[in-house]
Amino acid sequence: MNSEAFQSIILPWVGKVGGVMTAMRAVQTAHKHIPPDAITCAAKLFNLSIAEVRGIVSFYDDFTNAAQGDIRVRVCQAEACQAVGSRELSRHAEQAMGLSFGETSADGQFSLEKVFCLGLCAAAPAMLINDVPHSRFDADRFDALLDKAIAK
Amino acid sequence: MKIYIPLDSIAVALGADDVAAEFAAVAPAMQIVRTGSRGMSWLEPLVEVERNGVRYGFGPIAVRDVVSLMAKNFMESDEHDLALGSMDSITWLKRQQRLIFARCGITDPLSLVDYKAHNGLAGLRKALAVAPDNIVDEVTTSGLRGRGGAGFPAGIKWKTVADQTAPQKYIVCNADEGDSGTFADRMILEGDPFLLIEGMIIAGLATGATQGFVYLRSEYPIAANIFSEALKIAYANNLLGDTILGSDKSFTIELFIGAGAYICGEESSLLNSLEGKRGEVRAKPPIPAIAGLFDQPTLVHNTISLCSVPVILAKGAPYYRDFGMGKSMGTMPFQIAGNVKHGGLVECAFGVTLRTLVEDFGGGTRSCRPLRAVQVGGPLGAYLPASMLDLPMDYETLAARGAGVGHGGVVVFDDTVNLAEQARYAFEFCAHESCGKCTPCRIGAVRGAETMEKIIAGEDVADNIDLVRDLCYTMEDGSLCAMGGMTPIPVRSALEHFAKDFGV
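Which chain is which? The protein sequence lines are A and B, in order.
Under the working numbering, the letters of the first sequence match residues 947 to 1098, in that order.
Under the working numbering, the letters of the second sequence match residues 18 to 521, in that order.
The set of hints was computed from the structure by calculation and includes no laboratory data.
Among the hints, a few may not be true.
[As the list claims (entries may be wrong)] Straight-line alpha carbon distances no greater than 20 Å define the calculated SDA-like cross-link-like pairs of lysine to any residue that follow:
id : chain 1 : residue 1 : chain 2 : residue 2
1  : B       : LYS294    : A       : PHE992
2  : A       : LYS1094   : B       : LYS517
3  : B       : LYS301    : B       : GLY502
4  : B       : LYS19     : B       : ALA44
5  : B       : LYS249    : B       : GLY277
6  : A       : LYS1094   : B       : ASP35
7  : B       : LYS294    : A       : ALA997
8  : B       : LYS517    : B       : VAL463
9  : A       : LYS962    : B       : LYS358
10 : B       : LYS294    : A       : ASN1011
11 : A       : LYS1060   : B       : ALA466
12 : B       : LYS358    : B       : PRO335
13 : A       : LYS962    : B       : PRO184
14 : A       : LYS1060   : B       : VAL463
15 : A       : LYS1060   : B       : LYS517
16 : B       : LYS294    : A       : VAL960
17 : A       : LYS1098   : B       : GLY32
18 : B       : LYS294    : A       : LYS1094
19 : A       : LYS962    : B       : GLU39
20 : A       : LYS978    : B       : GLY277
21 : A       : LYS1094   : B       : LYS143
22 : B       : LYS294    : A       : LYS1060
23 : B       : LYS143    : B       : LYS294
24 : A       : LYS1094   : B       : ALA38
25 : A       : LYS962    : B       : LEU248
26 : A       : LYS1098   : B       : VAL80
Given the structure is predicted, the values throughout are model-derived calculations rather than measurements.
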């Protein structure tokens, strides 16, 4: 895909406050990552250098170089979840999905990501499967929720 | 027939959407109102009904309970095993002083009619009727301090912005609530979004700002949906726009979603991010109140600070100031989290002790093991031992003990916690989240994590602890912002109160 192909996604955000960020979010949502051509296109449309746009993209965890899976599992790693066993649960998640944190499965179906706080700390541990929150789960329920997400 | 089911993230995370769907399937004639959460996480999903103007609760409700609720005629009777009685009779709620969260869990968050019927917009109407100076005076007199963590007197900030002459001033709401153990911003955005809108408009009227932005973290997708709906409703009803409530005043608000960087909760980093740049911290001065967003005077406030304003205007500064202790005036939504039985949101006057929060409200650890530590005020907050639970939640008292109120989060740990590991995590978190602009934070965090690794492995423990202490001084004194500057707080407090875990 060449640079022009991203115009329709990026152009609406030119001139908006924080437009580069919002444009990159739109690209990430549509393509599950930020392709290099999207960076080139944004640089041109926002009148920035490629290095500047790349700098913005690399700063934020939400923008990724490699494609995220269709099912994104984000497991909270922060203190409130640690207090109820998120470290063990995170290891379970890696085993159950056959992935390390930060990896996407070869078929592009799953990715497993770290996240630092989902604001569900009163019912920790917590995770997001795509944008749906789940909390107070154990290893068995993790497996069940994952199965349910696959079945969808 | 009308029932209330929360749409709050925690309720949804525990199955509220499935419960609502089941009710819709089993009883299609029933009207389901989705509300915010009352803040009692262990009872979620909490289903409420209204009988003769009194709300009765049932919880926690699973999908399988829906049929039995119907069979036991829960609209009329409290026969079901999961009946909680009238919501007014629940001690956990009765013991709170809810000024900010007064409506949360009760009203439909997207009903402006509900909002007005429950005292909404009273503060804004008052603000529209007086001169901007009077609004600033009221906020100053109330004693309100920034609720994001720094505790800076709000009135001084408001006056600074009001005193500037500039082509454009801004109100920026910091809803980048990244501290683990905190969720008050999320709950209010999901449960009572018009309150934030009202608070921001009042701030605009007081300071002469006509544009507002809400910087919300991307980890809160439900809050983002609800708040953007609320904005649409506010514009459609002349709450936002060029004729606020029929006056000649104008104010706009835009929602901006962050991209997964904790550091963007730091105000200058947030402003850079909002300008579409890397979220790097800016050197101060100038302070944002003088040169903030696009170098214009900008009032940057935490969500809860802005949400405290409507009640201050509506009921007057003396009313608000009478809550609290010392220089910590008003109420604070404390958030009880982690290994705790009854986690949730407790809005109380300052001065409430940690013990009251953790034991009386929290009910002790969820694991039923002895409580060993609480971390107060997020990842940059101190780890305190059980022996310090009688400390009151007060900015000055906690500061004198090397701790802080922060954003009001209290995370509970039982006796299986290892504080050396938590100290290592504090450095790791800083390394992960550092913006990289200043060396003490960028390099210090990495070296700190490495050195903690050695301590945990039992390598030259005494020397390495000295090294960690030395590093803490460097980070504290040399960092540009609180990320590097306050990472020493969890580390030092862990060392001070839990030295055994470090092998000394």
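Verify the proposed pairing of LYS1098/A with GLY32/B, using a straight-line Cα cut of 20 Å.
holds (17 Å)
So if I understand the rule, the pair passes when the alpha-carbon distance is 20 Å or less; does LYS301/B with GLY502/B pass?
holds (14 Å)
Hinted pair, alpha-carbon criterion (20 Å max): LYS517/B, VAL463/B. Please report holds or violated.
violated (23 Å)
Pair hint outcome, LYS962/A versus PRO184/B [Cα-Cα no greater than 20 Å]:
holds (18 Å)
20 Å limit on alpha-carbon distance, applied to hinted pair LYS962/A and GLU39/B:
violated (42 Å)
Hey, LYS1060/A versus VAL463/B, does the alpha-carbon distance stay inside 20 Å?
The given pair, whose Cα atoms are some 19 Å apart, holds under the 20 Å limit.
Under the criterion that the straight-line Cα-Cα distance not exceed 20 Å, is the pair LYS294/B, PHE992/A satisfied?
Answer holds: LYS294/B to PHE992/A is near 12 Å, not above 20 Å.
Need the status of pair LYS249/B, GLY277/B: alpha-carbon distance at most 20 Å?
violated (25 Å)
Sort out whether VAL80/B lies within 20 Å of LYS1098/A, counting only the CA atoms.
holds (19 Å)
Keeping to a limit of 20 Å between CA atoms, is the pair of LYS19/B and ALA44/B held or broken?
holds (11 Å)
Going straight from one Cα to the other, do LYS294/B and VAL960/A come out at no more than 20 Å?
holds (14 Å)
Hey, LYS1094/A versus ASP35/B, does the alpha-carbon distance stay inside 20 Å?
Within the cut-off at roughly 13 Å; holds.
Checked against the numbered hints listed earlier, the structure breaks hints 2, 5, 8, 9, 12, 15, 18, 19, 21, 22, 23; every other hint is satisfied.
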